[in-house]
Amino acid sequence: MADATLQHNAAAAHGVAGEYEAPLFGAYSKKVGMWLFLASDSLTFGALLFAFSYNRIYTAWPTPFGKESIINATIMTACLLSSSLTMVMAVFAAQRHDSSKTRLWLLATMVFGTAFIVLHGMEWTHLIHEGLSLPAFPKPAGQLDTEYAKISKGVPQFAATFFGLTAMHMLHVTIGVIYLGVVALRKWFLPILGVIYIGAYFAIPADNVFHYAVHALLIGLIVSAVILFLKPKDYDAHDVEVSGLYWHFVDLVWMFIFPLVYLMSTKI
Amino acid sequence: MATSATAHAHAGPQGFIRKYIFSLDHKVIGIQYFFLALTAVFVGMFLSLLMRIHLIAPLASLPLVGEIKPETYLSLLTMHGTIMVFFVLTTAPQGGFGNYFLPIQIGAPDMAFPVLNMLSFWTTFVGFVVIIAAFFVQGGAPLHGWTGYPPLSAVQSAGPGEGLGADLWITSIAIFCLASLMGALNFLTTTLDMRAKGMTMMRMPLTVWSWFITAILGLLAFGVLLSAGILLLMDRNLGTSFYVPQIIVNGQIMLHKGGSPLLWQHLFWFFGHPEVYIAILPGMGVTSQILSTFSRKPIFGYKAMVYAMLAIGFFGFMVWGHHMFMSGMSPYSAFAFSLLTMCIGVPSAIKTFNWLGTMYKARIRFQTPMLYAIGFVSLFVSGGLSGPFLAQPVLDIQLHDTYFVVGHFHLIMGVAAIFGMFAATYYWFPKMFGRMMNESWGRIHFFITLIGTYAIFMPMHYLGMAGGTRRYSQYTEVAYLQKLMPIHQFMTYAAIITIAAQFIFVINLFWSMFKGPKASDNPWEATTLEWITATPPPHDNFGGVTPVVHNGPYEYGVPGAARDFVMQTDPPVASSGH
Chain B
1 MADATLQHNA AAAHGVAGEY EAPLFGAYSK KVGMWLFLAS DSLTFGALLF AFSYNRIYTA
61 WPTPFGKESI INATIMTACL LSSSLTMVMA VFAAQRHDSS KTRLWLLATM VFGTAFIVLH
121 GMEWTHLIHE GLSLPAFPKP AGQLDTEYAK ISKGVPQFAA TFFGLTAMHM LHVTIGVIYL
181 GVVALRKWFL PILGVIYIGA YFAIPADNVF HYAVHALLIG LIVSAVILFL KPKDYDAHDV
241 EVSGLYWHFV DLVWMFIFPL VYLMSTKI
Chain Z
1 MATSATAHAH AGPQGFIRKY IFSLDHKVIG IQYFFLALTA VFVGMFLSLL MRIHLIAPLA
61 SLPLVGEIKP ETYLSLLTMH GTIMVFFVLT TAPQGGFGNY FLPIQIGAPD MAFPVLNMLS
121 FWTTFVGFVV IIAAFFVQGG APLHGWTGYP PLSAVQSAGP GEGLGADLWI TSIAIFCLAS
181 LMGALNFLTT TLDMRAKGMT MMRMPLTVWS WFITAILGLL AFGVLLSAGI LLLMDRNLGT
241 SFYVPQIIVN GQIMLHKGGS PLLWQHLFWF FGHPEVYIAI LPGMGVTSQI LSTFSRKPIF
301 GYKAMVYAML AIGFFGFMVW GHHMFMSGMS PYSAFAFSLL TMCIGVPSAI KTFNWLGTMY
361 KARIRFQTPM LYAIGFVSLF VSGGLSGPFL AQPVLDIQLH DTYFVVGHFH LIMGVAAIFG
421 MFAATYYWFP KMFGRMMNES WGRIHFFITL IGTYAIFMPM HYLGMAGGTR RYSQYTEVAY
481 LQKLMPIHQF MTYAAIITIA AQFIFVINLF WSMFKGPKAS DNPWEATTLE WITATPPPHD
541 NFGGVTPVVH NGPYEYGVPG AARDFVMQTD PPVASSGH
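These protein sequences, in sequence, are chains B and Z. Sequential numbering from 1 applies to the first sequence in the working numbering. Sequential numbering from 1 applies to the second sequence in the working numbering.
Keep in mind that the hints were calculated from the coordinates and are not lab data. A portion of the hints provided could be inaccurate.
[Stated by the list, open to error] Below, a list of computed lysine to aspartate or glutamate pairs in the DMTMM-like style, where the Cα atoms sit at most 25 Å apart:
#1 B:31 with B:19
#2 Z:361 with Z:525
#3 B:153 with B:123
#4 Z:257 with B:130
#5 B:67 with B:130
#6 Z:257 with B:147
#7 B:231 with Z:540
#8 Z:515 with Z:439
#9 B:31 with Z:540
#10 B:101 with B:236
#11 Z:19 with Z:521
#12 Z:303 with Z:570
#13 Z:303 with Z:564
#14 Z:257 with B:145
#15 Z:483 with Z:67
#16 B:187 with B:234
#17 B:233 with Z:540
#18 B:150 with B:68
#19 Z:197 with B:19
#20 B:187 with B:236
#21 Z:197 with Z:570
Let's have the full structure, built from the sequences with the hints guiding it.
Written as structure tokens, this is what we have:
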């Protein structure tokens, strides 16, 4: 890694080497930019986690998650951890200039990321069906005498923090998958994303929140199209490494959310 | 996603749209920010004029707007605060002048991420359009003040402007947060990675340091406000209860339950206090630059200035609680917040001392930028001195909801920062537009504005100590406040005159842009890098060459030098004292 960084300095992206001061942290601009973004984003998640803790302290916090939820969340965690490994492989492949391997490892990462999103979406649907809900969500017909329904009524902060935190994280994973897709496939990713968007919109029934949340993919599609239009060049090892930084950060955030939201609210 | 090499190699764009509208050139983007802020400041100023007139004649029917009802007064107050804080105080000094001059002053051809820079401006623009739209929707603009305290801001039925208007308000702020984040990481990366040979961190002009530190604050503060805003939107539209306890609004029991309005206050002020320094730090930078240039002396204590700014930024994140002494916090926390707040007095005093030291025994050139820089120091001291009063929990509880606080933050955060912008405009106008501004009108503008500013905001301190509460729309109905009406009348007349004087500035600005005398490359005989290049600078700032820096930024009056100033790119001289 060290000599890769040195190479970046020489290339330091500023035209002729030696005309500029050495970058203060010895990293090329895009990497510095990503690190700074992550610093800012960790404050954003920090504020949400602060809101979670603040509510948790001042409330008799329920602990409803049973075996089913925990097993599911554990599988999701395993997906994310594996995706970090494949991401590292992608970065190594990119540094060897092996572009087909890079693409394969990136696609593997995206598959794990997508698996995470799908599992999480099913978990949400299940919980909403069981009665854990926000007032604005579509209501399932009948029932509403379950434990989760009582919690939603008695401690509304539980559902609010659960959905708020995990939605923000799921949004980040989605952005990450789209980001990796753009890095891996460039403009060929746009039609794939379009098909996924339309397919998901029609496959998910209208009484499910994801029927509406799926529009985030459309926004992602538009933003990626604009970026690809403005920057039509091919990706290089730097792009892969920088997208890797983002991906590992999203995984790291999950390592805070998993114990705080799930494990600490397990049925004892 | 390109490496900077290809990004910077971009040729001068052809065609009106790529050159002036969706430009990637940091100079064009800086000017776009500047005019956005100029538009915003006139909107904000007009709102304050309406408020001031309403305060002395609450039942009068005004042209255009008719009679101002109490809730309309609160909307005016909210929108005045929000527009001024976000779209003027944050936008102009950092987005405007920072964008234009940070790359030039460090010898870079452009920002590190030109596309991000363009997106950052257009996102800010969308934010501005969204907040202006709040005036025109059903129910009008929100009335919860720029701080947006829940439950008022979190319940749709809480007031006339709290429906769609408040949704647009918080959406606009969220958009602004994203724009500021993009801007901040661009500023930081550019400063870290793109300094010309010889431009070490300790040779950067203090303006660059101030923009750099402001960007750090913006990077860390706006992310938190973004989260707070998302939670507020959830409370408003998804029925969650982060900020709302069980309450009754207009006789109806709300479905909310168990939330805490204090959570918003913590998150908001964790952003809100650094925001004060985001507004004022660039002013400090430009004041240092101008005082040194027009005193023809090196800045007194360059390193102390840098460390003082870093200290102010650092402490800025640890004092948010002093906005919340009224919330019934534990006396121990109040003590800690109070003590940390007082600590900020130390670096502030260091800065003031150094500014005075710079001017001491100097042959000062009293041109308009210098007058405004001195005005900045004056307002910084006057507004700053009431800070330690408000840092005392016991005094703050007495003064918090009075005009004392209004006077305090308008002097230090509002007008002082605006004086910094005026100083910057008069100082850099020749470089930005290639012509000189009119000096006589500049001086007239300065003296009316300085005296007017003090006439508006000093009486607020007396008013506050006499118990004049803030955010009331009609003082004529309250017996003990009626006696204070003459003070209100005086402030309103002062405000009308001061606002009228701002048209001198605007006319001077636009007249000079087209008719002013041509400016030379270095009209102020200053030393930093923007003055070595052509006026206005070419597309890549230095016409294909990269400057090599040999000297510190403020080498004035160096013994043995041919002139009384040594440019940063001149052959090295023995440093003259810092």
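Could you work out which of the previously given hints the structure breaks and list their numbers from low to high? none
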